[in-house]
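If you read the protein sequences in the order shown, they are chains A and B. When the letters of the first sequence are read in order and numbered with our numbering, they come out as residues 1 to 401. When the letters of the second sequence are read in order and numbered with our numbering, they come out as residues 1 to 124.
It is possible that some hints are incorrect.
Here chain A is said to cover these stretches of chain B; the calculated rule only asks that three of the stretch's residues, wherever they fall, bring their Cβ under 8 Å from a Cβ of chain A [unchecked claim]:
| id | region |
| --- | --- |
| 1 | 41-48 |
| 2 | 53-63 |
Every beta carbon over 12 Å from chain B, so not counted as near; a handful from chain A, in silico [stated by the list, open to error]:
| id | residue |
| --- | --- |
| 3 | ARG38 |
| 4 | GLY51 |
| 5 | ASP79 |
| 6 | ARG157 |
| 7 | GLY247 |
| 8 | PRO312 |
| 9 | THR320 |
| 10 | LEU336 |
| 11 | VAL341 |
| 12 | GLU343 |
| 13 | LYS356 |
| 14 | SER382 |
| 15 | ALA395 |
Rather than coming from a laboratory, the hints here were simulated on the basis of the structure. In this text, all values refer to a predicted model and were calculated from it rather than measured experimentally. Backbone N, C-alpha and C define an ideal beta-carbon position, used for all residues, glycine too.
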Amino acid sequence: MATDNRSSYPLITNHPELSYWDSAATTPAPRPVIEALRIWAERHNTNINRGHYELATKGTDLFEKTRDHARAWLNAPGDWQIIFTSGVTAALNILGGGLDEQINAGDTIVVTADAHHSLFIPLQQLARRRRANFVIIDVDTQGRLDATAWGEAVARRPKVVGLTHVSNVTGRVHDISLLGTQAQAVGALVLVDGAQAVAHLEVNLSALPIDAYAFSAHKMYGPTGVGVLAVNRRLSDQLTPTQFGGGMIDKVDDLDTTWASLPHGLEAGTPNLWGIAAFDAAITWNEHQLTDQRGQQHQLSAEVIRRLLSIPDLTLYGPTEPNERIPLFTFNLRGLHAHDVGEVLAQNGIAVRAGKHCTQPLHRRWDIPATVRASAGHYTISEDVDRLISAITVAQSTLNG
Amino acid sequence: MDNELYQEQILDRYHQPRHHGSLQHPTKKLEGANRTCGDELTMYVQLAGDTIKEIRFESRACAVCTASADLLIDRLIGQPVALLDELDAADIQNMLGLPLSPIRLKCALLPLETLKLYKPSDKT
Chain A
1 MATDNRSSYP LITNHPELSY WDSAATTPAP RPVIEALRIW AERHNTNINR GHYELATKGT
61 DLFEKTRDHA RAWLNAPGDW QIIFTSGVTA ALNILGGGLD EQINAGDTIV VTADAHHSLF
121 IPLQQLARRR RANFVIIDVD TQGRLDATAW GEAVARRPKV VGLTHVSNVT GRVHDISLLG
181 TQAQAVGALV LVDGAQAVAH LEVNLSALPI DAYAFSAHKM YGPTGVGVLA VNRRLSDQLT
241 PTQFGGGMID KVDDLDTTWA SLPHGLEAGT PNLWGIAAFD AAITWNEHQL TDQRGQQHQL
301 SAEVIRRLLS IPDLTLYGPT EPNERIPLFT FNLRGLHAHD VGEVLAQNGI AVRAGKHCTQ
361 PLHRRWDIPA TVRASAGHYT ISEDVDRLIS AITVAQSTLN G
Chain B
1 MDNELYQEQI LDRYHQPRHH GSLQHPTKKL EGANRTCGDE LTMYVQLAGD TIKEIRFESR
61 ACAVCTASAD LLIDRLIGQP VALLDELDAA DIQNMLGLPL SPIRLKCALL PLETLKLYKP
121 SDKT
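Just chain A, with the same shape it has in the complex:
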């Protein structure tokens, strides 16, 4: 399996007792990301876009360089905007809240059933506010979309389609190219939640037929409190701001205000400057350390899938083909509740997630109250796999009494 990358991650090395299988919840930061935070605070921290003094100019410069860095990493076309947010949830809410004026009664908004609440709810509430039809495409326990339902939804010429690049429950990588092409062909705005994708796949916005892509830094080895909303020109022209304050205005009269051009028009308030400095280092980390990991990830996925499927009475959700998923494994043990399994795993030093993973609509459609999710990262080694499998077996015997 992989080389041992653990030494790059202080959180992992500080907790040798723990086998961390919760990267989908948040990823630990590598040393350079932590250093970047410290250096910003010690040497550069001033507010941006305002001060005339050299330190402030330099700070603004570094900030905007991070924006360019993100643009380059995503290979975003020149007319796309890269907007900093507090995370993917804020980014998707900017979209959901900012499209009110584009949606009329009777319009259709489409989302897939495996959408995380952070994509599902903004679009649901947009549909409610504007009296639009809200269509949810079923997803089976292998993570596959209902192709017939998708075709029917597209035929309704929806105004907005919300897609999930990689499901945080099934781990399935959806064919965003195909789905985006089909949706854009009928004039839909295609919004993509990339939260679970960016740490595991190359994202090339120049090659994706979509209108928006959003993700959080803390799921790609960066800090919490930072996210990116990338939007193309067609969509950004239609968005109205929903957060108001400093930095996003042009002229403030007594009774009305005009907005700054993008990206600043959608970036109200002082950004998370410390976080964005650390985010820059995280992008570099992803570019240099993680580019070759796809092959290793498939190996890891294949090994974990093989060993999980050999445990009796275990149901694995999502694709069984390693190259159709990221190394995220959601499962249940027959007759046992996920919460108890998660508890015994925790007693044995395994960090996983148990519950609905912010996907109530999906779990309701599957009629399953909860699932256990184990998700790997760059620091995961074969010993972690041994520990996970062994702990699952212990959970089975402990809970079956």
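Place chain B on chain A using the hints.
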């Protein structure tokens, strides 16, 4: 190996609850859920006057929640319904006698909180 949380009594009540099931004509049917972790409960309460005659429950819930429901019902049958107002988190903790983290305490409290939804003026 002895497990502090998953002791014999808890597992016994989890796998073979004494009060599982439903009632045909309950005085009140109450539903509760912990949506974050995925515990779901339906409780059927049968009163005779002000006395709790029987309670049954259906659940898709963890061992702590299920055992808590089953043991709580043991305690409540034959008691005045007003007892529900008097019971609190400390009573549930004492009843279970387990080391419960804040998250698992939520599981343990769900049955009581569901029953507390009953108001005497309600009719099914």
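Hints, verified against the model:
Coverage of a stretch by a chain is defined here by at least three residues with a beta carbon nearer than 8 Å to that chain's beta carbons; for the region 41-48 of chain B and chain A the count is 0, and the condition is violated. Counting residues of the region 53-63 of chain B whose CB falls under 8 Å from any CB of chain A gives 4; the rule of at least 3 is met. Distance check for ARG38(A) against chain B: the nearest CB is about 33 Å away, which clears 12 Å, and the non-interface claim stands. Against chain B, the non-interface label of GLY51(A) holds: every CB pair exceeds 12 Å, the least being about 44 Å.
At the 12 Å boundary, the C-beta of ASP79(A) stays outside the reach of chain B, the nearest C-beta of that chain being 41 Å off. Non-interface status of ARG157(A) relative to chain B is upheld: no Cβ of that chain comes within 12 Å, the nearest being about 34 Å off. At roughly 35 Å from the closest C-beta of chain B, the C-beta of GLY247(A) stays outside 12 Å, upholding its exclusion from the interface. The Cβ of PRO312(A) lies farther than 12 Å from every Cβ of chain B, with a closest approach of about 18 Å, so its non-interface assignment holds.
Under the 12 Å C-beta cut-off, the non-interface status given to THR320(A) relative to chain B holds; the minimum distance is some 24 Å. With a closest Cβ-Cβ approach of about 8 Å to chain B, LEU336(A) is found to fall inside the 12 Å limit, against its non-interface label. A beta-carbon of chain B comes within 12 Å of the beta-carbon of VAL341(A); the shortest separation is about 9 Å. In this structure GLU343(A) is not separated from chain B by more than 12 Å, as the shortest Cβ-Cβ distance comes to only about 7 Å.
LYS356(A), annotated as away from the interface, has a beta carbon of chain B within 12 Å; the closest lies near 6 Å. With 12 Å as the threshold on Cβ separation, the claim that SER382(A) sits away from chain B holds: the shortest Cβ distance comes to roughly 25 Å. Listed as a non-interface residue, ALA395(A) fails to keep its Cβ farther than 12 Å from every Cβ of chain B; the least gap is roughly 9 Å.
The structure is inconsistent with the numbered hints 1, 10, 11, 12, 13 and 15, although it conforms to all the rest.
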